[in-house]
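Residue numbers (the working numbering), protein chains in the order written: chain A, 1 to 402; chain B, 1 to 173; chain C, 1 to 305.
It cannot be assumed that every hint is accurate.
Okay, the calculated bits of chain C under chain A, using three or more residues with CB under 8 Å as the criterion [said to hold, decoys possible]:
(1) 170-179
(2) 189-198
Computed list of chain B residues with no C-beta within reach of chain C, every gap over 10 Å [claimed, not checked]:
(3) Y27
(4) S46
(5) R50
(6) N51
(7) R72
(8) D92
(9) P141
Because the hints were derived from the structure by calculation, they are not lab data. Just so it is clear, CB atoms sit at the ideal spot from N, CA and C, and this is done for glycine as well.
This is what each chain is made of:
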Amino acid sequence: MRFVRFLFDSVKETLKGGPLYYAWMAFLLIIMAFAARSYIYQLDNGLIVTNMRDQVSWGLYIANFTFMVGVAAAAVLLVVPAYIYHFQAIKEIVILGELMAFSAIVMCLGFITVDLGRPDRFWHIIPGLGILNFPISMLSWDVVVLNGYLFLNTFIPIYLIYKGYVNEEPNKKLYLPFVLLSIPWAVSIHTVTAFLYNPLPARPFWNAAILAPRFLASAFCSGPALIILIFQIIRKFANTRVQDVALFKIAEIMAYSMFFNLFLFGAELFKEYYSGTIHLAPMEYLMQGLHGHNALVPWIWTAIACNVTAFILFLLLRNIRSVTMMNIGCILIITGVWIEKGMGFIIPGFIPDTLGEIYEYMPSSTEVMVSLGVVALGFFIYTIFARIAIAVNNGKLRYQKD
Amino acid sequence: MVRHLKLLIMLFVIFAFAKSSLATKEYPVPYPPFTPGIFPCMNCHSDLPRNKTKRVLKDMHQDIKVENHGDRWCYDCHDERNMDKLKLANGDQIKFEESYKLCGQCHGNILNDWKRGVHGKRTGSWNGEKQYLLCVHCHNPHNPPFKALKPDPAPIRPDATLLKPKYHNNKSH
Amino acid sequence: MKENKKISFIRRKLLKTFTVAAAAALAPLTKANSAIKDFDFEDFVQKNFKEMTPQEVEKLLKRLEKKYKEKYGKDFVVKATLPMENVEFGYALNLSKCIGCRRCVYACVKENNLSRKPHQIHYIRVMRFKNGPIDLEKSEHYYESEQVPENGYFYVPIQCQQCRKAPCVKACPIKATWTEKDGIVVVDYNWCIACRYCMAACPYMGRRFNWAEPQIPIEELNTNTHYLGNRPRMKNVVEKCTFCIQRTREGRYPACVEICPVGARKFGNLLDPNSEVRRIIETKRIFRLKEDLNTEPRFFYFFHS
Numbered sequence: 001m002r003f004v005r006f007l008f009d010s011v012k013e014t015l016k017g018g019p020l021y022y023a024w025m026a027f028l029l030i031i032m033a034f035a036a037r038s039y040i041y042q043l044d045n046g047l048i049v050t051n052m053r054d055q056v057s058w059g060l061y062i063a064n065f066t067f068m069v070g071v072a073a074a075a076v077l078l079v080v081p082a083y084i085y086h087f088q089a090i091k092e093i094v095i096l097g098e099l100m101a102f103s104a105i106v107m108c109l110g111f112i113t114v115d116l117g118r119p120d121r122f123w124h125i126i127p128g129l130g131i132l133n134f135p136i137s138m139l140s141w142d143v144v145v146l147n148g149y150l151f152l153n154t155f156i157p158i159y160l161i162y163k164g165y166v167n168e169e170p171n172k173k174l175y176l177p178f179v180l181l182s183i184p185w186a187v188s189i190h191t192v193t194a195f196l197y198n199p200l201p202a203r204p205f206w207n208a209a210i211l212a213p214r215f216l217a218s219a220f221c222s223g224p225a226l227i228i229l230i231f232q233i234i235r236k237f238a239n240t241r242v243q244d245v246a247l248f249k250i251a252e253i254m255a256y257s258m259f260f261n262l263f264l265f266g267a268e269l270f271k272e273y274y275s276g277t278i279h280l281a282p283m284e285y286l287m288q289g290l291h292g293h294n295a296l297v298p299w300i301w302t303a304i305a306c307n308v309t310a311f312i313l314f315l316l317l318r319n320i321r322s323v324t325m326m327n328i329g330c331i332l333i334i335t336g337v338w339i340e341k342g343m344g345f346i347i348p349g350f351i352p353d354t355l356g357e358i359y360e361y362m363p364s365s366t367e368v369m370v371s372l373g374v375v376a377l378g379f380f381i382y383t384i385f386a387r388i389a390i391a392v393n394n395g396k397l398r399y400q401k402d
Numbered sequence: 001m002v003r004h005l006k007l008l009i010m011l012f013v014i015f016a017f018a019k020s021s022l023a024t025k026e027y028p029v030p031y032p033p034f035t036p037g038i039f040p041c042m043n044c045h046s047d048l049p050r051n052k053t054k055r056v057l058k059d060m061h062q063d064i065k066v067e068n069h070g071d072r073w074c075y076d077c078h079d080e081r082n083m084d085k086l087k088l089a090n091g092d093q094i095k096f097e098e099s100y101k102l103c104g105q106c107h108g109n110i111l112n113d114w115k116r117g118v119h120g121k122r123t124g125s126w127n128g129e130k131q132y133l134l135c136v137h138c139h140n141p142h143n144p145p146f147k148a149l150k151p152d153p154a155p156i157r158p159d160a161t162l163l164k165p166k167y168h169n170n171k172s173h
Numbered sequence: 001m002k003e004n005k006k007i008s009f010i011r012r013k014l015l016k017t018f019t020v021a022a023a024a025a026l027a028p029l030t031k032a033n034s035a036i037k038d039f040d041f042e043d044f045v046q047k048n049f050k051e052m053t054p055q056e057v058e059k060l061l062k063r064l065e066k067k068y069k070e071k072y073g074k075d076f077v078v079k080a081t082l083p084m085e086n087v088e089f090g091y092a093l094n095l096s097k098c099i100g101c102r103r104c105v106y107a108c109v110k111e112n113n114l115s116r117k118p119h120q121i122h123y124i125r126v127m128r129f130k131n132g133p134i135d136l137e138k139s140e141h142y143y144e145s146e147q148v149p150e151n152g153y154f155y156v157p158i159q160c161q162q163c164r165k166a167p168c169v170k171a172c173p174i175k176a177t178w179t180e181k182d183g184i185v186v187v188d189y190n191w192c193i194a195c196r197y198c199m200a201a202c203p204y205m206g207r208r209f210n211w212a213e214p215q216i217p218i219e220e221l222n223t224n225t226h227y228l229g230n231r232p233r234m235k236n237v238v239e240k241c242t243f244c245i246q247r248t249r250e251g252r253y254p255a256c257v258e259i260c261p262v263g264a265r266k267f268g269n270l271l272d273p274n275s276e277v278r279r280i281i282e283t284k285r286i287f288r289l290k291e292d293l294n295t296e297p298r299f300f301y302f303f304h305s
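I would like the entire structure built from these sequences, with the hints used as guidance.
Here's what the structure looks like:
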């Protein structure tokens, strides 16, 4: 069957490559091997090898999960200009964005898996086999929307790439509905993720209506920033055309998002500090330190500095079309949002805990190693899929009838 | 008129019985916690004179000091007419097994609570007959307040269970 | 041609390096690890307890008793006593009386087979406050003292509040935790995937996690157990106070109620107008913790006048 040949040829394509490609893949595989070892150590001994405890029961894994869902949702910032506005410069690279969403979702599922204490019982969450507490549990909603988004970002790119491989015109009536569905679906995955934290009355730091808008705003800064950086790398090393005008268009959309991100964060600060209720405590812990505990203070202020600087740089991009300035801004915003949405969001939710106790959490080396492994896995998958997509795009990978 | 009278008498009788039934309802309690050999008191006191002067005892019972219970002494509660009984404020004699009536004269709220099972240690079954202890099973009548206890150890702090514990100053929180 | 040879040489070198590094990284896997050793097929395919027929429950209990006998060398009884009719449990705690001696904490540890040091789990936590308002941020959990009660302080023990509107039950994505008919919120330890969402949702620190394999001295094991209660647990599952389900469903008081030396703890059936717990609710000035969260705890606190 042609599809089987497609799979074979794709695998062969991924094995072809220069020394740089091999070095990159070997590097990622080595990280994954060490991460696998750390993960087995974690399975063996229990989650005690992390630094999570009853007081802070979610940590680095869930922080990274939250950040990665944002990255996955950001693919919609490419899909909308490409398919709704038919902006050609973005249309020719949108598939790479969808593949990045796919890799990001794989990383999300990876982070959830390594955070679970009993991943062998994952089948309990499959409706039909196990029990899915839908629609009452917000985690069940997350399972549904994340897997749905995974399906969308698997089906659409593979369909388009396959059609390119066999040199046939893809059927618009088949894939366009899914593409259009992926737009609200992208918004929904991050809204549902925000709704995981939002409705817990036990955690006043998260119990703010502003959470879902904040998540979307920060997602639409950090995800496209990653896209901009990665696409430039692809442009350099993998014979693909990525026009500067596409990157600057994305940057334009990001600037608005950055503003909203800063505005909403400021609104949260105002509400907590001005009302001055006991619910100020987590925010105070984050921004100033609480009762002598201030481990997160340098982190959040770095994040704020990064976010503000990035915003200014992106504003200046309107007049100064400098790719270097854009890249610096991207690195800054990724750092800033990762801190602000990851550790700077999850951990203060638990400090002080529900009984007023402060346990300062910082990730253990096992957690860091396993997290690096999941990230390496995401990059590994993306490299493979991007390689196949580009080869098909360039006409190098085509179905040859014997 | 006669009909009304009959009704009144009937009501009076019922009320009288009801009242007395509350007053004489028995609460099944275990045997009072006497020091071994101390009871019956009349073994010694039947032929001893009764000295009703309030004083510090020198010949016997020197170990019993009434503390933290107001300005009491022996014959405020013990009945000099019959040392095997206690006496209420109105002179009524009660058995040692009914000593809750004596405490309840001043601690009426606590007595009410005790009758409903709200005051006092609960053991046994929550859905069966209530099991009662006398006041004196927990409170020494001569020195009622509980002695302070040494508390059991505090829980381990979460930092102490880290595989690579970082130095933690032992401030609270 | 030379270019290709050079590239394939570098490729081979890199592959070799990777293989060596991967082997070094994964070498510890050759030792049998507990994830593989402890794998039990019947445990793996077990259904959620609520979906089991009585016969399946019987089989399950027998299998567990056998497993516990093998593991600990003691004869266990694992029951699945059903809730009694017309019973909703309620708990009342007299804050005027509590002296913070923590006898309740350790009675619970013994009765419910809680893990001891170093992976210590306590269902009950006693908080000490300076005389004044209950400000949780100013509570002291780790107080040590020669004597209690200490002057100028009062003590508030807290455990799972068995809420009527339990946020943990809402949160669980697989219904591994639910409220039974008699009001006890239970966990099916063999169904829990340890996502810990319920722990994030609980406002009272009522739920604990087995971060490591529980440590219980074998001679202190309580072999009279309930499937949903105090049967020995395993690492990586959530557990919580169950109002001593193995005792209360047979008419006995929870261990914490019985041990309290000052009679501060009261327990009973909220639906029975003659119970002491009803009397307390109807006549004392009761309050519940974090009332504004509307979780409707079945655990009441009061000060007696």
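For each hint, the structure was consulted:
Here's how the segment 170-179 of chain C fares: 7 of its residues keep a CB closer than 8 Å to some CB of chain A, so the rule of at least three is met and the hint holds. Given a C-beta distance limit of less than 8 Å, the hint that chain A covers the segment 189-198 of chain C holds, as 7 residues qualify and 3 suffice. Distance to chain C confirms B:Y27 as a non-interface residue, since its nearest Cβ pair spans about 14 Å, more than 10 Å. The beta carbon of B:S46 sits about 38 Å from the closest Cβ of chain C, which is more than 10 Å, so the claim that it is off the interface holds.
With 10 Å as the threshold on Cβ separation, the claim that B:R50 sits away from chain C holds: the shortest Cβ distance comes to roughly 37 Å. The claim that B:N51 is not at the interface with chain C holds, since no C-beta of that chain comes within 10 Å of its own (minimum 37 Å). In this structure B:R72 is separated from chain C by more than 10 Å, as the shortest Cβ-Cβ distance comes to about 23 Å. Distance check on B:D92: its Cβ is at least 28 Å (rounded) from any Cβ of chain C, clearing the 10 Å threshold; non-interface status holds.
Distance to chain C confirms B:P141 as a non-interface residue, since its nearest Cβ pair spans about 17 Å, more than 10 Å.
The earlier numbered hints are all upheld by this structure, with none contradicted.
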